[in-house]
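Visitor: These are the residues of each chain, in order.
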Amino acid sequence: MTAKWSDLGLRLSGAVVVAVMVVGLVALVIPYDPADAVSYDSLLNPPSAAHWLGTDGQGRDVLMRLVKGTEAFFLPGLMGGLIAVVLGGLAGAYTGYASGPLRSALVGLLQLVDTLPRLVFIILLCTIRNPSIPLIAVVAGLLFVPTVATVVRRKVEALASEDYILAHIAHGFTPARILLHHILWLQCWPLLVRQAAFVFGYVLFVETGLSYLGDYGVQEPDPSWGNMVAQVKDLAGAGAWPWLAPAVAIVVTIASFLAFGNLVARKGEEALR
Amino acid sequence: MSGAASFLALAGRRIAASLLLLVGASFLIYFTIRSAPGDAVDAITPMGTPPEIKEKLAAEFGLDQGVLGGYGVWLSRSATGDFGESLVFAPGQTVMEVAGPAFEKTLLLSGGALFATVVLSILLALLLGEPSARQQGLTGALYFITSAPGFVSAVVFSAAVNAGVQRFVEQAGHETPAWYPIPIYSDSIVPYFFAGFVLVMGDGLLMDTFNAVRAEILGVRGAQFISAVRARGASVTPHLWLNLAIPIFSAFVSRLPVVLGGVVIVEYVFTLDGAGYLLLEASKQRDFPVVVGLSVLFTLAVIVVGLLSDVARSVIDQREVARDG
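As they're listed, the protein sequences go chains A and B.
Going by the numbering used here, 78 is the number at position 74 of the first sequence; the sequence numbering is gapless.
Going by the numbering used here, 147 is the number at position 80 of the second sequence; the sequence numbering is gapless.
Keep in mind that the hints were calculated from the coordinates and are not lab data.
By construction, the Cβ of each residue, glycine as well, lies at the ideal position given by its N, Cα and C atoms.
Don't take each hint at face value.
The calculated label-pair distances, taken between Cβ atoms and stated as ranges, are [to be verified]:
hint : chain 1 : residue 1 : chain 2 : residue 2 : range
1    : A       : Leu106    : B       : Ser253    : 51 to 57 Å
2    : A       : Gly18     : B       : Gly196    : 37 to 43 Å
3    : A       : Leu106    : B       : Gly70     : 33 to 39 Å
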């Protein structure tokens, strides 16, 4: 990718990421009562000055529900990403550096978790416990630990025989300091940023997917981009804006988070070379 | 050790490792069942389930024993393909009778979509060649479109097709197809093609595969041995494809779990009677034996695909056998 396109992509995706962060924080504090939002005088109004993205089949403002809908995945997405990179980073650093039975056991456990088809496992969990979105995000984060651990392990294995690491060992630095500070913190951060952005996107996918299905995830009348898209089932031919706006929002957000993670990581890797 | 003996030893080790993985993964699934809040039997059965059915279920799943003992009971039944009987979805039928045919359809759909993705990726890679500034607009747009989650692509695609049929077929007075409007249950094969198209175009699959395949093609094309073949005036094509066989096969296999995840909701959107649709319907109706049986089958598919990948790589590339042996 040329530098010009790369910078443009970084700026555009970065703008969306910042916008989602700001809207996600705003959504946490603005009051919204789904019952009060119903207005039978303004059903399925097209976009206008009063309702920028129109109204849905119950007369509710689509933009307001879009903003409030970020609450469903914003903090869970951050939580899932954090769990995956912290646990995956530590597991990857340990398995890349250490040897012995504990390392072998950890590698086996990671392989085992990696075998589980993620969405199928989450649906199994939903059938048994009907968990909240935050709990689903925690599980999603845990299911991504092996993926993060694998990329970090490869990096650690590649770095372990580098001269400057051997010099740190000769200086008497503890393995924990070398691993956590010199390798994980200073060298692996681009990988971790990429993975965190990916897991955030995955949590958004799972939340909206489950909310779309209706029985799990966020239930009407509370807003989620997923249950807003699900209105397509009731609005055949009656106007696309109530479900198309959240559909576009989902695609733009996921694409932007993935692109932002990749581009930041690429720039970081170039700087580290 | 001879080549054949080394290969058999390698295959044996990989099969043993896969069996261990299956046992471990099945324990995780069983442990998740046992983590149900309150009485596990009440938690996993629909409201109003008769007590005798609950007792039968508790015995089948070993819920009346400790976790390890219960797992032993459940595993010994599951290992023979006995996942019990469906409670709600198809009462009286065994889980395998319900889930088996559905799973075959899902594997066919997922495999077909993935095959199409790989072929499309190869064609795109050959067409576009080296990355250049001129391609950035096209690849950027493709990246954006294909980043959509499968269910969003499916919803938008269905709405577009419905609108098209309504406008150009229904309003023109022609007879509408059996699969219209989507989603509707029909015997037509057309919705499977729609679902396959959505699987190719969703969840970032196409661009991810394209990037991997293009990198491999460019890497092999630029390799020194290809220059040497060219210098001798021989055709590079057979050498090129022989050396691309492993990476392209890996690109296919490594992405199957992604497609098996995406297919679940896509089948639901198109109302296709595959394993994904069945899983979600069974989950909604709390038909627990079917949900567990399908979860094991999906996990088994991922493990078997990984095993086949390892063995096939060893057949194609003898260095794998030498390294391992």
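Visitor: Evaluate each hint against the coordinates.
Guide: Hint-by-hint comparison with the structure:
The hinted window of 51 to 57 Å between leucine 106 of chain A and serine 253 of chain B holds, with their beta carbons roughly 55 Å apart. Range check, glycine 18 of chain A to glycine 196 of chain B: Cβ separation about 30 Å, and the 37 to 43 Å hint is violated. Checking the proposed 33 to 39 Å range against leucine 106 of chain A and glycine 70 of chain B shows it holds: the Cβ atoms sit about 36 Å from each other.
Hint 2 alone, counting from the list given before, is not met by this structure.
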